[in-house]
Each structure stands twice: as structure tokens, then as C-alpha cells.
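Enquirer: These are the residues of each chain, in order.
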Amino acid sequence: DARVTQTPRHKVTEMGQEVTMRCQPILGHNTVFWYRQTMMQGLELLAYFRNRAPLDDSGMPKDRFSAEMPDATLATLKIQPSEPRDSAVYFCASGFGTGSYGYTFGSGTRLTVV
Amino acid sequence: SQQGEEDPQALSIQEGENATMNCSYKTSINNLQWYRQNSGRGLVHLILIRSNEREKHSGRLRVTLDTSKKSSSLLITASRAADTASYFCATEKHRDDKIIFGKGTRLHILP
Chain G
1 DARVTQTPRH
11 KVTEMGQEVT
21 MRCQPILGHN
31 TVFWYRQTMM
41 QGLELLAYFR
51 NRAPLDDSGM
61 PKDRFSAEMP
71 DATLATLKIQ
81 PSEPRDSAVY
91 FCASGFGTGS
101 YGYTFGSGTR
111 LTVV
Chain A
1 SQQGEEDPQA
11 LSIQEGENAT
21 MNCSYKTSIN
31 NLQWYRQNSG
41 RGLVHLILIR
51 SNEREKHSGR
61 LRVTLDTSKK
71 SSSLLITASR
81 AADTASYFCA
91 TEKHRDDKII
101 FGKGTRLHIL
111 P
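For the protein sequence lines, the chains are G and A, in the order given.
All residue numbers for the first sequence refer to our numbering, where the first residue is 1 and numbers rise by one.
All residue numbers for the second sequence refer to our numbering, where the first residue is 1 and numbers rise by one.
Since the hints were derived computationally from the structure, they do not count as laboratory data.
Worth double-checking, as some hints may not be accurate.
What the hints assert, rightly or not - With a straight-line Cα cutoff of 25 Å, these simulated PhoX-like cross-link-like pairs (lysine-lysine) come out:
id: 1; chain 1: A; residue 1: 93; chain 2: A; residue 2: 70
id: 2; chain 1: A; residue 1: 98; chain 2: A; residue 2: 56
id: 3; chain 1: A; residue 1: 26; chain 2: A; residue 2: 69
id: 4; chain 1: G; residue 1: 62; chain 2: A; residue 2: 98
id: 5; chain 1: G; residue 1: 11; chain 2: G; residue 2: 62
id: 6; chain 1: A; residue 1: 98; chain 2: A; residue 2: 69
id: 7; chain 1: G; residue 1: 78; chain 2: A; residue 2: 69
id: 8; chain 1: A; residue 1: 93; chain 2: G; residue 2: 62
id: 9; chain 1: A; residue 1: 103; chain 2: A; residue 2: 56
As the list claims (entries may be wrong) - FRET-style restraints, in silico, Cβ to Cβ:
id: 10; chain 1: A; residue 1: 69; chain 2: G; residue 2: 1; range: 28 to 38 Å
id: 11; chain 1: G; residue 1: 7; chain 2: A; residue 2: 17; range: 34 to 44 Å
id: 12; chain 1: A; residue 1: 53; chain 2: G; residue 2: 41; range: 41 to 51 Å
id: 13; chain 1: A; residue 1: 108; chain 2: G; residue 2: 41; range: 29 to 39 Å
id: 14; chain 1: G; residue 1: 74; chain 2: A; residue 2: 94; range: 25 to 35 Å
id: 15; chain 1: A; residue 1: 24; chain 2: G; residue 2: 41; range: 34 to 44 Å
Glycine included, each C-beta is placed from N, C-alpha and C at the ideal position.
Starting from the given sequences, assemble the full structure and let the hints guide the process.
Expert: Below, the structure written as C-alpha cells:
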């Protein structure tokens, strides 16, 4: 089965450090979402791309978060500088974006900022 | 911001019984999707129902959609221990096609 691959699976970092999370979407999928999951807030949409173009990143704290798709096989989410409140599980999901199929999620990156 | 709200927040039933979860949303949608998440794992897509559909089946899953009430329900028949998970509804909003998730229902199947 095709998979969305996220790296790293776990990341512990100190406050103030830069964190980069990577996502390899399924080949052929043209839509990529980034979500953050916490117990308090649930699944929050951070940003999404179609055909590598950013469509919406209004869910991201702009001063510290950035999301890019340097090519069709890689999406990145960067936090600089990281803060303890960024601790969460970050998920990437990819799909065809046609409204006819669901999306495939990666296993997530569990980020802990100490 | 949350678009969908699931109800109940948590549900415990005996194995073999049917489980029903509900989802309400606020704005016009293109489709509504249900996902399952096992503890510590990513989300798995279960079923998608378009705004012009009223009911859809997939194996032991039955989904209904009432656009006039802005609500959906997910029925799992003949529940199994392996169905223990969190279930989320997600709506694809009309005109901007963002996928927004609710906070989920935690389902526990008792042996």
C-alpha cells in the first residue's frame, strides 16, 4: 500500500531551537495538508498546498512557522524558534483534492519542546 | 476553528452491539468524511459522503447526511474489539475546500 512518510517520528528539542518536519506525499497526489493535534485543541489545520502552491496557511503562527513544498515529493514544516506550546503531534496528509476521495495521513511527528 | 462537532465525546458499548456517532457542522460543505484514529497512530479514512448524497454504506459502516440539519451520523454495526478507536468527522467546506476536523468520539468496545 502507498504511504505518506513523515520524518522524524519523534523529536525532542530545547526552546528556541529550529525544528524541521518532513513529509513525503504519495506519488501522484496533488494536495497536501499539515495538521497539528493536541488534547486541548484537537486537529488544527495549519496549511495546505495544491500542485505545490500554498492555498491557505492562515492556521499557522506566521512569525515562527513556515511551510513549503520544494518539489512534488517533499513538503516541509519549519518552526523557528520553537516554544514549549508547540509541543504536539504534527500530521501530514495527501490526496487527489477532487472531493471524491479521502486523504491519506502519515504517522505523524511527535514534537516535544522543553 | 472547529467546523464539525462529534457527539458523544466518548462511548462504551459491548462487543456485538451497534455504535452510533453523530457530527454537526456549521457551514455549507462539498462533502463530509469520517476517519478513525487508533491510539498513537495516524488517521485512517473510512468513508466520504458528498453533499448530494443521503446515505452510504461500506462493510459494517453506514453513514447518513442531512444537509438541512447540517448533521451526519456514523453507524458501526456488530462492533468488534478492533473498532476501539477515536472517530472524527471532517468537512470539506464549500468554495474553499479546506478539510476541517471535529474533536472526535472515543469509542471503547467492551469484551
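Enquirer: Against this structure, judge whether each hint is valid.
Expert: Each hint, compared with the structure:
no., hint, in the structure
1, A/93 to A/70, "12 Å, holds"
2, A/98 to A/56, "22 Å, holds"
3, A/26 to A/69, "10 Å, holds"
4, G/62 to A/98, "19 Å, holds"
5, G/11 to G/62, "21 Å, holds"
6, A/98 to A/69, "21 Å, holds"
7, G/78 to A/69, "40 Å, violated"
8, A/93 to G/62, "23 Å, holds"
9, A/103 to A/56, "22 Å, holds"
10, A/69 to G/1: 28 to 38 Å, "36 Å, holds"
11, G/7 to A/17: 34 to 44 Å, "40 Å, holds"
12, A/53 to G/41: 41 to 51 Å, "30 Å, violated"
13, A/108 to G/41: 29 to 39 Å, "23 Å, violated"
14, G/74 to A/94: 25 to 35 Å, "31 Å, holds"
15, A/24 to G/41: 34 to 44 Å, "19 Å, violated"
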